[in-house]
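K.L.:
Spelled out, the chains give:
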Amino acid sequence: MIIIISAQEPNLEGAINERFGRCPFLIKIDTSNNQWEPFQNPGISQSGGAGVAAAQFVIDQKVNAVISGDFGPHAANALRASAIEMRLFSDNISTVQQALDAYKQESLLAFGQD
Amino acid sequence: MRIAIASGKGGTGKTTIATSLALSLASQYETWYLDCDVEAPNGHLFLHPNFTDQVPAVIKIPQIQSDLCTLCGKCVDVCQFHALANIVKSIMVFPQLCHGCGSCTLNCPQQAIQEVDAPIGKLESGIAMAGIHFQHGMLSISEPMPTPVIRQLKRRVNPGKNVVVILDSPPGASCSVVETLRGVDYVLLVTEPTPFGIHDLYQMLGIVHDMNIPAGMIINRDGIGEKSMQSQFAEIPLPVLLRVPFDRKIASGIAAGKTLIEIDPKYQQVFSNLYQQIVNQLKVGNIC
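Chains as they are written, first to last, in our numbering: chain A, 1 to 114; chain B, 115 to 402.
Just so you know, the hints here were simulated from the structure itself, not pulled from any lab data.
Small disclaimer: the values here were computed from a predicted structure and weren't measured.
Be aware that one or more of the hints could be misleading.
[As the list claims (entries may be wrong)] Computed cross-link-like contacts, DSS-like style, restricted to lysine-lysine with a CA-CA straight-line distance of at most 25 Å:
(1) B/236 <-> B/268
(2) A/62 <-> B/203
(3) B/363 <-> B/341
(4) B/203 <-> B/174
(5) B/188 <-> B/174
(6) A/62 <-> B/268
(7) B/203 <-> A/28
(8) B/275 <-> B/397
(9) A/104 <-> A/62
[What the hints assert, rightly or not] Listed next, with one range per pair, are the computed distances between beta-carbon atoms:
(10) A/48 <-> B/351: 39 to 45 Å
(11) B/209 <-> A/112: 18 to 24 Å
(12) A/48 <-> B/231: 17 to 23 Å
(13) B/338 <-> A/112: 48 to 54 Å
(14) B/309 <-> A/1: 54 to 60 Å
(15) A/60 <-> B/338: 53 to 59 Å
(16) A/30 <-> B/349: 55 to 61 Å
(17) A/37 <-> B/351: 51 to 57 Å
(18) A/80 <-> B/194: 23 to 29 Å
Just so you know, even glycine gets a beta-carbon here, dropped at the ideal spot from N, CA and C.
Only chain B is shown next, with the shape it has when bound in the complex (with noise of 0.2 Å):
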């Protein structure tokens, strides 16, 4: 089962869910956790894992070798990120505009393209808190690319029986949070009662409904706001899962860099109980 926690809208409380329900699970299966907010990962913070593997995340860069090729510019054709340039005595290749996706070494009838590996980042891993298998990825400075990253993040995963992958996903709705979703069986979107919060939900709620993925509403910081955003909430076609209220105790407690079950232990149960809504959603069929 991998479960991905998304929201739109930044700061809603994806890592205060996802490192919660983490934990809740631990006991009773193989869980991991992978942090794919590689621009600002912070779910380490919370679950304090003892990382133990370090290996360089990386994006391949075609390499032209001169003289194989003829300059018919059919690789700078097939680019759909202008990261290569026919600069009529050679081809010139941005590193920072590369996607890594290989078209053009495919496309190249001399084969004149050779891929070099570039890192652009680091993954990391190790056992966190209740045994969880800990991952995150982190995007150097500077590097623009954050996708790579994430794809190769999620490889180090192969999920058996019994096996619960937590994805905690970036904030927004652009192409890191569909890489993050892409594969997964559920989206637990977090959104809170604020114009911002519903406005970038129906972002999420677009991506969820392309990937034809599963998925249920989470609401944190219930209170807040206005009551109009209730009713827009009552609009949203899923199911809300979860309120997590507006409280000054959970407030501090996450400042303080604890989870909502060490804040408050009966949210261990409440995300147990969660999973198996979760479960039983999925036994149902697609509500999305």
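Chain A on its own, in the form it takes in the complex (with noise of 0.2 Å):
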């Protein structure tokens, strides 16, 4: 299972960061052999668009599931229609290592199905 969470530093102790478009990294795990590694989000830098060009970052990776504190409607559209898995920080969440082990535990909710 590959998932990505957005994140305000580049590494699984760093903070989580609520925003999937303009936060600073996308962190990307392989849950199968807890490899990670993280990118520089493309969105961040971009005038309008950020959030396609955060998820097409997301649907290029052939990730299955990506965790943000919300998804905006251009960018769930297309998650959406790559049929990859949205999920939700919760308030007890701060860092990315947190955000990892509440996903394995099924703790954290659906985008869009509060």
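Each chain sits in its own coordinate frame; assemble them with the hints.
P.N.:
Following this line, the structure appears as structure tokens:
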């Protein structure tokens, strides 16, 4: 299973970032072997269409799920059409590692179902 | 002659100046008035056009023909606005992000993209006070992209010799202002003696400098603000063509939908002179 989490810093112990399109880093994690890699979010420097740029990156990485604070309508449409699962941070989560653990425990709400 | 009236800060008096300038010239020249503030046009409130023509304003949105598309992703790569996404099974189009530039269509190796007109507003025209040829654009509510409407509005005028086109610009210092200014001969920058007015005036100075358009200043509501404001105006390398005083009579007249010339007939001559100053400045060469 490959997932991407929106983050403030390029590591697992760093803070999460609530904004999908404008977060500084997208951290890609392979849950089968716990390998991870940080990427700069291509959306952050765009004057417009940041959500779509970030979504395109996520789609190109062939991930199964993406976790963030929220998803804008454009990004959500692209991710949904690509059958990528969207999950939301819960209030008690502050680091990428916590988000990953919560995802594994299936305690994160699905986007668009609250 | 195409003259744009811009300001940076909103509410400095662009329309006040633009409508009276157009009125003062209408008896001498064929005069066109283009209200390019398509998100909130208000020139019609002063010049009272009788609209006789209305056409939709459109943006060209790509439509992917899935039978021809090989999902190569070239269109996604060339789109500067991220209006397209390759969602593996197909290409998804986001019309609200599209600027209608046509890059995707041009670059598609399969010619799998057709452009379809999507209405985003309307253009209206008619004859206004003093025979002014009046045109304005109106962006539909919830549509985010004013520039295509401005572009189409400007295309509807084909000025011959001895024609004056007055373009009332939107406020701000972004794309819609640049679109308005493109191709004009002169920019009148309307400002006011406040820190906000001067701050945004400097943003406009950057734009007219980059676009290499000659410009001059009009100081509206002259008399308000601190004295230091006046010395700041003195540092700006543009001629001050006119000062309009802060005056209750003017304010109440504008609020009642009157132009400066109707409020005080002396402005007929003031604006004729202003136009002559612009013509002279252009003869001497660029001061910008």
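K.L.:
Are the hints correct? Go through all of them and say.
P.N.:
Hint-by-hint comparison with the structure:
no., hint, in the structure
1, B/236 <-> B/268, "holds (13 Å)"
2, A/62 <-> B/203, "holds (13 Å)"
3, B/363 <-> B/341, "holds (23 Å)"
4, B/203 <-> B/174, "holds (24 Å)"
5, B/188 <-> B/174, "holds (18 Å)"
6, A/62 <-> B/268, "violated (45 Å)"
7, B/203 <-> A/28, "holds (23 Å)"
8, B/275 <-> B/397, "holds (16 Å)"
9, A/104 <-> A/62, "holds (19 Å)"
10, A/48 <-> B/351: 39 to 45 Å, "violated (33 Å)"
11, B/209 <-> A/112: 18 to 24 Å, "holds (21 Å)"
12, A/48 <-> B/231: 17 to 23 Å, "holds (22 Å)"
13, B/338 <-> A/112: 48 to 54 Å, "holds (51 Å)"
14, B/309 <-> A/1: 54 to 60 Å, "holds (55 Å)"
15, A/60 <-> B/338: 53 to 59 Å, "holds (56 Å)"
16, A/30 <-> B/349: 55 to 61 Å, "holds (60 Å)"
17, A/37 <-> B/351: 51 to 57 Å, "holds (52 Å)"
18, A/80 <-> B/194: 23 to 29 Å, "holds (24 Å)"
The earlier numbered hints that this structure contradicts are 6 and 10.
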